[in-house]
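Asks: Required output: the full structure, derived from the provided sequences and hints.
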Amino acid sequence: MTAPRNASVAARIPLARLQVRGSTRANVQAVRHTVASGGAIVSVQWFDACARLGLLRARPHYEPQGSLEGLLAALDRFGITEALVYSACGDETHPSVGNRLLLDATRANPRLHACVTLLPPATREFPPPAEHIPALIDQGVRAVRLTPSAHGYAFNSQFCGELLEVLQQHRMPLCINISLFADWVVLDAVAGDFPQLPIVLTSFSYGMTRNAYGVLARRKNIYPELHGYEVHDGLEDLIPLIGAERLLFGSGWPEFTPASAMTMLACARISRQEKLRIARENLVGLLGGVKR
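Oh and the sequence shown: position 243 is 563 in the numbering used here, straight run, nothing missing.
Derived by calculation from the structure, the hints in this document are not laboratory data. Given the structure is predicted, the values throughout are model-derived calculations rather than measurements. One or more of the hints may lead you astray.
Across the chosen pairs, the derived CB separations fall in these ranges [what the hints assert, rightly or not]:
#, residue 1, residue 2, range
1, Glu482, Asp458, 34 to 44 Å
2, Val417, Ala474, 22 to 32 Å
3, Lys540, Gln478, 17 to 27 Å
4, Arg397, Glu550, 13 to 23 Å
5, Asn531, Arg612, 16 to 26 Å
6, Lys611, Ala579, 29 to 39 Å
7, Arg397, Glu451, 36 to 46 Å
8, Glu389, Ala537, 38 to 48 Å
9, Arg589, Ser499, 18 to 28 Å
10, Glu565, Asp513, 14 to 24 Å
11, Glu389, Gly563, 18 to 28 Å
12, Ala393, Glu485, 35 to 45 Å
13, Tyr526, Pro448, 37 to 47 Å
Derived EDC-like pairs: lysine to aspartate or glutamate, alpha-carbon spacing no greater than 20 Å straight-line [to be verified]:
#, residue 1, residue 2
14, Lys540, Asp508
15, Lys540, Asp557
16, Lys540, Glu485
17, Lys540, Glu451
18, Lys540, Glu575
19, Lys611, Asp458
20, Lys540, Glu565
21, Lys540, Glu556
22, Lys611, Glu485
23, Lys540, Asp503
24, Lys611, Glu482
25, Lys611, Glu601
26, Lys611, Glu451
27, Lys540, Glu594
C-beta: ideal position from N, C-alpha, C; glycine also.
Replies: Dropping the structure here:
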C-alpha cells in the first residue's frame with residue numbers, strides 16, 4: 321500500500337495537533353466504523369496506541385501479520401485510521417537498528433507514527449538526551465519507549481534520570497510495557513519524580529488493578545493502554561477513578577486482534593464523548609503536546 325500523494329510525512333506532524341490525513345481507504349472505513357452508545361451510533365476514527373512492526377524470532381507463527389504489509393492490512397480490515405508503532409527489531413537486536421527500520425517505514429506510510437526505543441544515557445549508545453530528543457522531534461518522532469527487561473538495565477530515576485528529565489522538558493510520551501516491567505513501586509516513584517512526563521503503560525491488564533489503582537489515582541501523568549484490559553465492567557469501574565482522559569485504545573497487534581479492545585470500548589456503558597476520547601482523542605492530545 322502506498323500513501324496518498326497529499327499525505328504529509330511523519331516529520332511534518334504539527335506539534336500542536338495531529339489531523340487525519342487524506343482520503344485513504346482506511347479513513348473511509350474508519351468513518352463507517354461505529355460503536356454503540358446508549359442506543360446511539362457513534363462514528364469513530366480509531367488511533368491505535370500499541371502496534372508492533374516486525375517479527376519476533378520467538379514467535380515466528382505470527383508471520384506475515386508482523387510485516388509492514390500485514391500491519392497495514394490489519395488497519396484496513398478493522399478500520400483503524402492511524403497507529404503508534406514500535407519495532408520488534410529494536411527489542412531483539414539493537415534499538416538503533418530497529419529505530420532506523422521503523423523511521424523508514426513511518427516516513428513511507430503517514431498513517432504510522434514511530435515510537436522509537438531508547439537506552440539509558442550512561443551506556444553512550446545514543447547521543448546525549450539533550451541532543452538526541454530534539455533531533456528525534458525534528459524527524460517527526462512523538463513518542464519513545466524503554467524496554468529494561470529486553471536490554472538488561474534498571475528503570476528508575478537513578479539510572480534513567482537524565483533521559484527522563486529531557487523527555488519531561490519536551491513532554492515526550494514515554495511508553496513502558498507494564499506486563500514486562502511490573503514494579504509498581506518504582507513506577508510510582510518515577511511518575512512522582514517527573515510529574516510532567518506522560519508515561520504510557522502498554523499492555524495494562526486485568527491482573528494489575530490491586531497494585532495499579534492507588535498509583536493511577538495518585539499519579540495524573542500515567543496513561544494506561546487497554547488492549548490487555550479485558551474486564552467485565554472494567555471501564556465502568558476505572559473511569560470514575562481516573563477519568564476517561566487518560567485511557568488509550570490499543571490493539572497489541574500482531575499478538576492480539578484489535579477486535580477485543582474495540583469490542584470492550586464499543587460495549588462499555590460509558591458516554592459517547594468518553595468513547596471518542598479513548599478511541600482517538602487522548603492519543604492525539606499526547607502526541608500533539610510534544611514541545612520542541
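Asks: Indicate, hint by hint, whether the structure satisfies it.
Replies: We went through each hint and held it up to the structure:
For the pair Glu482 and Asp458, the supplied restraint of 34 to 44 Å is violated, since their beta-carbon distance comes to about 20 Å. The supplied range of 22 to 32 Å is met by Val417 and Ala474, whose beta-carbon atoms lie about 23 Å from each other. Between Lys540 and Gln478 the CB atoms are about 23 Å apart, so this pair conforms to the stated range of 17 to 27 Å. A C-beta distance of roughly 20 Å is found between Arg397 and Glu550, which places it inside the suggested range of 13 to 23 Å.
Taking 16 to 26 Å as the suggested C-beta distance range, the pair Asn531 and Arg612 does not conform, at roughly 36 Å. Distance hint for Lys611 and Ala579: a CB-CB separation of about 36 Å, consistent with the stated range 29 to 39 Å. The beta-carbon spacing between Arg397 and Glu451, approximately 40 Å, falls within the hinted interval of 36 to 46 Å. One distance hint, 38 to 48 Å for the beta-carbon pair Glu389 and Ala537, holds here, with the actual separation near 42 Å.
Evaluation of the 18 to 28 Å hint for Arg589 and Ser499 yields a pass: the beta carbon distance comes to about 27 Å. Distance hint check for Glu565 and Asp513: the Cβ-Cβ separation is about 22 Å, which falls inside the suggested range of 14 to 24 Å. The beta-carbon spacing between Glu389 and Gly563, approximately 38 Å, falls outside the hinted interval of 18 to 28 Å. Hint check: Ala393 to Glu485, Cβ distance near 40 Å, so the stated range 35 to 45 Å holds.
Between Tyr526 and Pro448, the C-beta spacing of about 40 Å keeps the proposed range 37 to 47 Å intact. Straight-line distance between C-alpha atoms of Lys540 and Asp508 comes to about 11 Å, which keeps the hinted pair within the 20 Å bound. Distance hint between Lys540 and Asp557 is fulfilled; the C-alpha atoms sit about 17 Å from each other, no more than 20 Å. Under the criterion of a C-alpha separation no larger than 20 Å, the hint pairing Lys540 with Glu485 is consistent with the structure, at around 17 Å.
Restraint check: the Cα-Cα separation between Lys540 and Glu451 comes to about 28 Å, which exceeds 20 Å; the hinted pair is violated. Between Lys540 and Glu575, the direct Cα distance comes to roughly 29 Å. Violation of the 20 Å bound is thereby established for this hinted pair. Annotation: proposed proximity of Lys611 to Asp458 holds, straight-line Cα distance about 11 Å (limit 20 Å). Taken as a hint, the Lys540 and Glu565 pair is honoured in the structure, with Cα atoms around 10 Å apart against an allowance of 20 Å.
Our distance criterion of 20 Å between C-alpha atoms is met by Lys540 and Glu556, whose separation comes to about 19 Å. Distance hint between Lys611 and Glu485 is fulfilled; the C-alpha atoms sit about 13 Å from each other, no more than 20 Å. Between Lys540 and Asp503 the CA atoms are separated by roughly 18 Å; this keeps the pair inside 20 Å, and the hint holds. The hinted pair formed by Lys611 and Glu482 meets the criterion: a straight-line CA distance of about 17 Å does not exceed 20 Å.
At roughly 18 Å between alpha-carbon atoms, Lys611 and Glu601 fall within 20 Å of each other, so this suggested pair holds. Note on Lys611 and Glu451: the hinted pairing holds, with a Cα-Cα distance of about 14 Å set against a maximum of 20 Å. The straight-line distance between the Cα atoms of Lys540 and Glu594 is roughly 17 Å, inside the 20 Å bound, and the hint therefore holds.
Violated hints, in rising order: 1, 5, 11, 17 and 18; the structure is consistent with all others.
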